[in-house]
Amino acid sequence: MTAGLVDRFGRVHRDLRISLTDRCSLRCTYCMPADGVPWLASSTLLTTEELVRLARVAVSLGVTEIRLTGGEPLLRPDVVDVVRALAAIEGPDGPLDLSLTTNALRLPALAAPLRDAGLARVNISLDTLQRARFIELTRRDRLADTLAGIEAARAVGFSPVKLNALVMRGVNDDEIGDLVAFAVERGLEMRFIEHMPLDGGHTWRREEMVTGEEILSAVASRYELEALGHDGAAPASQFRIVGTSATVGVIASVTRAFCDRCDRVRLTADGQFRNCLFAHEESDLRSLMRDGADDARLAEAMQACVALKKPRHGIDDPSFVQPSRPMSAIGG
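In case it helps, full-length UniProt numbering puts the sequence shown at residues 1 to 332.
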(Lines of atoms letter the chains of each structure in order from A and count residues from 1; the text may use other names and numbers.)
(Lines give C-alpha, C1' and ligand atoms only; values in the text may rest on other atoms or scores of the structure.)
Protein backbone atom coordinates (compact mmCIF):
# COMPACT_ATOMS: atom_id res chain seq x y z
CA MET A 1 0.00 0.00 0.00
CA THR A 2 2.57 2.55 -1.09
CA ALA A 3 0.65 4.49 -3.74
CA GLY A 4 -1.45 7.29 -2.32
CA LEU A 5 -4.87 8.74 -3.01
CA VAL A 6 -4.07 10.62 -6.20
CA ASP A 7 -6.63 11.50 -8.87
CA ARG A 8 -6.03 11.85 -12.62
CA PHE A 9 -5.48 15.59 -12.20
CA GLY A 10 -2.59 15.07 -9.80
CA ARG A 11 -4.44 16.11 -6.65
CA VAL A 12 -3.12 14.27 -3.60
CA HIS A 13 -5.75 13.57 -0.94
CA ARG A 14 -4.60 13.80 2.69
CA ASP A 15 -7.76 15.01 4.44
CA LEU A 16 -10.42 12.45 5.42
CA ARG A 17 -13.81 13.52 6.76
CA ILE A 18 -15.52 10.75 8.72
CA SER A 19 -19.22 11.06 9.55
CA LEU A 20 -20.03 9.39 12.86
CA THR A 21 -23.81 9.61 12.49
CA ASP A 22 -26.42 11.17 10.23
CA ARG A 23 -28.58 12.13 13.24
CA CYS A 24 -28.68 15.66 14.58
CA SER A 25 -30.09 17.46 17.61
CA LEU A 26 -31.08 20.51 15.53
CA ARG A 27 -33.27 20.90 12.45
CA CYS A 28 -31.55 23.75 10.63
CA THR A 29 -33.66 25.14 7.80
CA TYR A 30 -30.75 25.00 5.34
CA CYS A 31 -30.06 21.35 6.11
CA MET A 32 -33.33 19.53 6.90
CA PRO A 33 -37.09 19.86 6.50
CA ALA A 34 -38.99 20.59 9.72
CA ASP A 35 -39.83 16.91 10.25
CA GLY A 36 -36.26 15.78 9.52
CA VAL A 37 -35.12 13.20 6.98
CA PRO A 38 -35.17 9.38 7.07
CA TRP A 39 -32.30 8.17 9.26
CA LEU A 40 -29.85 5.51 8.16
CA ALA A 41 -30.69 2.04 9.42
CA SER A 42 -28.61 1.17 12.49
CA SER A 43 -27.49 -2.10 10.90
CA THR A 44 -25.78 -0.15 8.11
CA LEU A 45 -23.73 2.10 10.40
CA LEU A 46 -20.04 1.38 10.79
CA THR A 47 -18.96 -0.05 14.10
CA THR A 48 -16.06 1.65 15.85
CA GLU A 49 -13.79 -1.24 14.88
CA GLU A 50 -14.81 -0.92 11.22
CA LEU A 51 -14.43 2.85 11.24
CA VAL A 52 -10.96 2.68 12.77
CA ARG A 53 -9.88 -0.01 10.35
CA LEU A 54 -10.86 2.12 7.37
CA ALA A 55 -9.07 5.09 8.90
CA ARG A 56 -5.89 3.03 9.23
CA VAL A 57 -6.12 2.00 5.59
CA ALA A 58 -6.59 5.64 4.57
CA VAL A 59 -3.56 6.67 6.65
CA SER A 60 -1.51 3.98 4.91
CA LEU A 61 -2.44 5.77 1.67
CA GLY A 62 -1.21 9.14 2.86
CA VAL A 63 -4.06 10.65 4.89
CA THR A 64 -2.63 12.91 7.61
CA GLU A 65 -5.75 14.73 8.81
CA ILE A 66 -9.11 13.37 9.99
CA ARG A 67 -12.11 15.47 10.90
CA LEU A 68 -15.13 13.89 12.57
CA THR A 69 -18.48 15.16 11.34
CA GLY A 70 -22.17 14.28 11.16
CA GLY A 71 -25.08 14.90 11.48
CA GLU A 72 -23.96 15.84 14.93
CA PRO A 73 -20.96 13.64 15.80
CA LEU A 74 -21.34 14.14 19.56
CA LEU A 75 -24.62 12.20 19.41
CA ARG A 76 -22.64 9.01 18.81
CA PRO A 77 -22.59 7.29 22.24
CA ASP A 78 -18.97 6.10 21.91
CA VAL A 79 -17.55 9.29 20.39
CA VAL A 80 -14.83 9.55 23.05
CA ASP A 81 -13.75 5.96 22.34
CA VAL A 82 -13.68 6.72 18.61
CA VAL A 83 -11.46 9.75 19.21
CA ARG A 84 -9.12 7.76 21.47
CA ALA A 85 -8.74 5.01 18.88
CA LEU A 86 -8.12 7.43 16.03
CA ALA A 87 -5.66 9.49 18.07
CA ALA A 88 -3.58 6.34 18.54
CA ILE A 89 -3.05 5.97 14.78
CA GLU A 90 0.30 7.22 13.53
CA GLY A 91 1.38 7.78 9.96
CA PRO A 92 4.93 8.09 8.64
CA ASP A 93 5.06 11.70 9.86
CA GLY A 94 3.58 11.06 13.29
CA PRO A 95 0.11 11.33 14.87
CA LEU A 96 -2.93 12.43 12.91
CA ASP A 97 -4.29 15.97 12.97
CA LEU A 98 -7.62 15.07 14.59
CA SER A 99 -10.50 17.56 14.75
CA LEU A 100 -14.30 17.62 15.01
CA THR A 101 -17.15 19.76 13.71
CA THR A 102 -20.09 20.18 16.09
CA ASN A 103 -23.11 22.26 17.05
CA ALA A 104 -21.55 22.32 20.56
CA LEU A 105 -24.71 21.32 22.45
CA ARG A 106 -22.94 18.43 24.20
CA LEU A 107 -19.54 20.07 24.58
CA PRO A 108 -20.04 21.18 28.21
CA ALA A 109 -20.01 17.51 29.22
CA LEU A 110 -17.68 16.16 26.53
CA ALA A 111 -15.02 18.83 25.91
CA ALA A 112 -12.63 17.60 28.61
CA PRO A 113 -13.03 13.87 27.85
CA LEU A 114 -12.51 14.54 24.13
CA ARG A 115 -9.40 16.60 24.81
CA ASP A 116 -8.02 13.89 27.09
CA ALA A 117 -8.75 11.27 24.42
CA GLY A 118 -6.62 13.15 21.89
CA LEU A 119 -8.90 15.57 20.03
CA ALA A 120 -6.84 18.60 19.00
CA ARG A 121 -9.39 21.19 17.91
CA VAL A 122 -13.05 21.87 17.16
CA ASN A 123 -15.12 23.76 14.61
CA ILE A 124 -18.42 24.99 16.00
CA SER A 125 -21.46 26.05 13.98
CA LEU A 126 -22.86 29.43 15.04
CA ASP A 127 -25.09 31.19 12.52
CA THR A 128 -26.64 33.80 14.80
CA LEU A 129 -26.27 35.43 18.20
CA GLN A 130 -29.98 36.21 18.49
CA ARG A 131 -32.13 33.75 20.42
CA ALA A 132 -35.31 34.27 18.40
CA ARG A 133 -33.42 33.89 15.15
CA PHE A 134 -31.63 30.79 16.43
CA ILE A 135 -35.00 29.22 17.20
CA GLU A 136 -36.26 30.10 13.73
CA LEU A 137 -33.15 28.77 12.02
CA THR A 138 -32.71 25.55 13.99
CA ARG A 139 -36.30 24.94 15.15
CA ARG A 140 -34.86 24.43 18.64
CA ASP A 141 -34.36 26.83 21.57
CA ARG A 142 -30.72 25.92 22.20
CA LEU A 143 -28.63 29.06 21.68
CA ALA A 144 -27.66 29.14 25.37
CA ASP A 145 -26.40 25.56 25.09
CA THR A 146 -24.36 26.39 21.99
CA LEU A 147 -22.76 29.36 23.73
CA ALA A 148 -22.01 27.19 26.78
CA GLY A 149 -20.38 24.65 24.48
CA ILE A 150 -18.19 27.35 22.95
CA GLU A 151 -17.05 28.41 26.42
CA ALA A 152 -16.33 24.77 27.32
CA ALA A 153 -14.14 24.40 24.22
CA ARG A 154 -12.21 27.52 25.23
CA ALA A 155 -11.89 26.41 28.83
CA VAL A 156 -10.28 23.04 28.08
CA GLY A 157 -7.76 24.58 25.69
CA PHE A 158 -8.80 23.46 22.22
CA SER A 159 -6.79 25.55 19.78
CA PRO A 160 -7.85 26.92 17.51
CA VAL A 161 -11.59 27.05 18.14
CA LYS A 162 -13.23 28.02 14.85
CA LEU A 163 -16.76 29.31 14.53
CA ASN A 164 -18.55 28.57 11.26
CA ALA A 165 -21.48 30.68 10.08
CA LEU A 166 -23.48 29.89 6.97
CA VAL A 167 -24.68 33.25 5.64
CA MET A 168 -28.17 33.54 4.15
CA ARG A 169 -29.69 36.55 2.46
CA GLY A 170 -32.39 38.23 4.52
CA VAL A 171 -31.85 35.74 7.33
CA ASN A 172 -28.56 36.43 9.12
CA ASP A 173 -26.48 38.53 6.70
CA ASP A 174 -27.01 41.53 8.97
CA GLU A 175 -25.05 39.79 11.76
CA ILE A 176 -21.72 39.35 9.95
CA GLY A 177 -19.99 42.15 11.86
CA ASP A 178 -21.48 41.09 15.20
CA LEU A 179 -20.29 37.52 14.73
CA VAL A 180 -16.76 38.72 13.97
CA ALA A 181 -16.81 40.90 17.10
CA PHE A 182 -18.03 37.96 19.20
CA ALA A 183 -15.16 35.77 17.95
CA VAL A 184 -12.47 38.44 18.27
CA GLU A 185 -13.45 39.24 21.88
CA ARG A 186 -12.99 35.57 22.80
CA GLY A 187 -9.86 34.77 20.81
CA LEU A 188 -11.73 32.55 18.36
CA GLU A 189 -11.49 32.29 14.57
CA MET A 190 -14.59 33.32 12.62
CA ARG A 191 -15.32 31.71 9.27
CA PHE A 192 -18.19 32.47 6.92
CA ILE A 193 -19.50 29.95 4.40
CA GLU A 194 -21.47 30.41 1.19
CA HIS A 195 -24.75 28.51 1.18
CA MET A 196 -24.29 25.31 -0.86
CA PRO A 197 -26.94 23.06 -2.46
CA LEU A 198 -26.89 20.26 0.11
CA ASP A 199 -30.19 20.71 1.95
CA GLY A 200 -32.50 17.79 2.55
CA GLY A 201 -35.46 19.64 1.07
CA HIS A 202 -33.61 20.60 -2.15
CA THR A 203 -34.76 24.22 -1.83
CA TRP A 204 -31.40 25.91 -2.55
CA ARG A 205 -31.49 28.75 -5.08
CA ARG A 206 -28.31 30.29 -6.50
CA GLU A 207 -29.81 33.79 -6.69
CA GLU A 208 -30.61 33.77 -2.96
CA MET A 209 -27.03 32.98 -1.94
CA VAL A 210 -24.86 35.63 -0.26
CA THR A 211 -21.55 35.51 -2.13
CA GLY A 212 -18.12 35.41 -0.56
CA GLU A 213 -17.43 38.83 -2.03
CA GLU A 214 -20.51 40.26 -0.30
CA ILE A 215 -19.51 38.64 2.98
CA LEU A 216 -16.01 40.07 2.76
CA SER A 217 -17.39 43.51 1.96
CA ALA A 218 -19.57 43.37 5.08
CA VAL A 219 -16.58 42.46 7.26
CA ALA A 220 -14.43 45.15 5.64
CA SER A 221 -17.06 47.80 6.35
CA ARG A 222 -16.36 47.29 10.06
CA TYR A 223 -12.74 46.14 10.18
CA GLU A 224 -9.58 46.92 8.23
CA LEU A 225 -8.38 43.65 6.73
CA GLU A 226 -5.06 42.28 5.50
CA ALA A 227 -5.26 39.41 3.00
CA LEU A 228 -3.35 36.29 4.04
CA GLY A 229 -4.34 34.02 1.16
CA HIS A 230 -4.91 30.29 1.62
CA ASP A 231 -3.28 27.89 4.05
CA GLY A 232 -2.27 25.06 1.75
CA ALA A 233 -5.32 23.11 0.60
CA ALA A 234 -7.60 24.72 3.20
CA PRO A 235 -10.78 26.12 1.61
CA ALA A 236 -10.95 29.47 3.43
CA SER A 237 -9.49 32.70 2.13
CA GLN A 238 -7.90 34.13 5.27
CA PHE A 239 -7.74 37.75 6.39
CA ARG A 240 -6.14 39.33 9.45
CA ILE A 241 -7.86 42.18 11.25
CA VAL A 242 -5.22 44.89 11.12
CA GLY A 243 -3.75 45.73 14.51
CA THR A 244 -4.71 42.37 16.02
CA SER A 245 -3.81 38.70 15.70
CA ALA A 246 -7.46 37.84 14.91
CA THR A 247 -8.28 36.24 11.58
CA VAL A 248 -11.46 35.88 9.53
CA GLY A 249 -12.00 33.24 6.88
CA VAL A 250 -14.40 33.17 3.93
CA ILE A 251 -15.23 29.84 2.29
CA ALA A 252 -16.67 30.66 -1.13
CA SER A 253 -17.27 27.09 -2.30
CA VAL A 254 -19.72 28.17 -4.99
CA THR A 255 -18.35 31.42 -6.45
CA ARG A 256 -14.64 30.80 -5.85
CA ALA A 257 -14.42 27.03 -5.87
CA PHE A 258 -11.18 25.54 -4.56
CA CYS A 259 -11.56 22.30 -6.53
CA ASP A 260 -8.12 22.67 -8.12
CA ARG A 261 -6.41 22.20 -4.74
CA CYS A 262 -8.98 20.01 -3.00
CA ASP A 263 -7.39 17.25 -0.93
CA ARG A 264 -10.53 15.89 0.77
CA VAL A 265 -12.27 12.55 0.71
CA ARG A 266 -15.22 11.46 2.80
CA LEU A 267 -16.46 8.38 4.62
CA THR A 268 -20.15 8.36 5.47
CA ALA A 269 -21.56 6.88 8.66
CA ASP A 270 -22.78 3.87 6.67
CA GLY A 271 -19.39 3.18 5.14
CA GLN A 272 -19.62 4.82 1.73
CA PHE A 273 -16.42 6.41 0.42
CA ARG A 274 -16.93 9.66 -1.52
CA ASN A 275 -14.38 11.60 -3.56
CA CYS A 276 -16.35 14.87 -3.48
CA LEU A 277 -18.99 16.51 -1.34
CA PHE A 278 -21.15 16.78 -4.47
CA ALA A 279 -20.42 13.32 -5.89
CA HIS A 280 -23.26 11.14 -7.16
CA GLU A 281 -21.21 7.94 -6.97
CA GLU A 282 -19.89 6.21 -3.87
CA SER A 283 -17.70 3.20 -3.11
CA ASP A 284 -19.32 0.76 -0.68
CA LEU A 285 -16.48 -0.06 1.72
CA ARG A 286 -18.86 -1.40 4.38
CA SER A 287 -20.06 -4.24 2.18
CA LEU A 288 -16.50 -5.02 1.07
CA MET A 289 -15.39 -5.30 4.69
CA ARG A 290 -18.32 -7.39 5.80
CA ASP A 291 -17.79 -9.69 2.83
CA GLY A 292 -14.23 -10.37 4.02
CA ALA A 293 -12.08 -7.98 1.99
CA ASP A 294 -8.53 -7.54 3.28
CA ASP A 295 -6.88 -4.14 3.76
CA ALA A 296 -5.23 -4.25 0.34
CA ARG A 297 -8.63 -4.64 -1.33
CA LEU A 298 -10.08 -1.78 0.71
CA ALA A 299 -7.13 0.40 -0.28
CA GLU A 300 -7.70 -0.44 -3.94
CA ALA A 301 -11.35 0.56 -3.64
CA MET A 302 -10.39 3.90 -2.09
CA GLN A 303 -7.86 4.55 -4.83
CA ALA A 304 -10.31 3.60 -7.56
CA CYS A 305 -12.89 5.99 -6.14
CA VAL A 306 -10.40 8.87 -5.97
CA ALA A 307 -9.22 8.14 -9.52
CA LEU A 308 -12.72 8.93 -10.79
CA LYS A 309 -12.90 12.35 -9.10
CA LYS A 310 -14.11 15.07 -11.44
CA PRO A 311 -12.10 18.26 -12.05
CA ARG A 312 -14.72 20.44 -10.33
CA HIS A 313 -18.11 20.20 -8.64
CA GLY A 314 -19.92 22.17 -11.36
CA ILE A 315 -22.43 24.04 -9.17
CA ASP A 316 -22.45 26.94 -11.63
CA ASP A 317 -22.98 24.62 -14.59
CA PRO A 318 -26.59 24.54 -15.92
CA SER A 319 -26.43 20.73 -15.89
CA PHE A 320 -25.60 20.56 -12.16
CA VAL A 321 -27.78 18.16 -10.17
CA GLN A 322 -27.79 18.25 -6.38
CA PRO A 323 -26.64 15.01 -4.68
CA SER A 324 -29.47 12.83 -3.44
CA ARG A 325 -27.91 12.62 0.03
CA PRO A 326 -28.31 15.72 2.19
CA MET A 327 -25.32 17.14 4.06
CA SER A 328 -26.43 15.40 7.26
CA ALA A 329 -26.01 12.00 5.58
CA ILE A 330 -22.77 12.88 3.78
CA GLY A 331 -20.82 14.53 6.56
CA GLY A 332 -19.49 18.08 6.39
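Rather than coming from a laboratory, the hints here were simulated on the basis of the structure.
A few of these clues could be false.
To be verified - Derived CB-CB ranges, DEER-like:
(1) G4 - I135: 41 to 47 Å
(2) D173 - G36: 39 to 45 Å
(3) D93 - F9: 31 to 37 Å
(4) D284 - I135: 34 to 40 Å
(5) R312 - A181: 22 to 28 Å
(6) V6 - L228: 26 to 32 Å
(7) E281 - E50: 29 to 35 Å
(8) R312 - E185: 18 to 24 Å
Here a beta-carbon is modelled for each residue, glycine too, at the ideal position from N, C-alpha and C.
Taking the hints in turn, this is what the structure says about them:
no., hint, verdict
1, G4 - I135: 41 to 47 Å, "holds (46 Å)"
2, D173 - G36: 39 to 45 Å, "violated (26 Å)"
3, D93 - F9: 31 to 37 Å, "violated (24 Å)"
4, D284 - I135: 34 to 40 Å, "holds (39 Å)"
5, R312 - A181: 22 to 28 Å, "violated (35 Å)"
6, V6 - L228: 26 to 32 Å, "holds (28 Å)"
7, E281 - E50: 29 to 35 Å, "violated (21 Å)"
8, R312 - E185: 18 to 24 Å, "violated (38 Å)"
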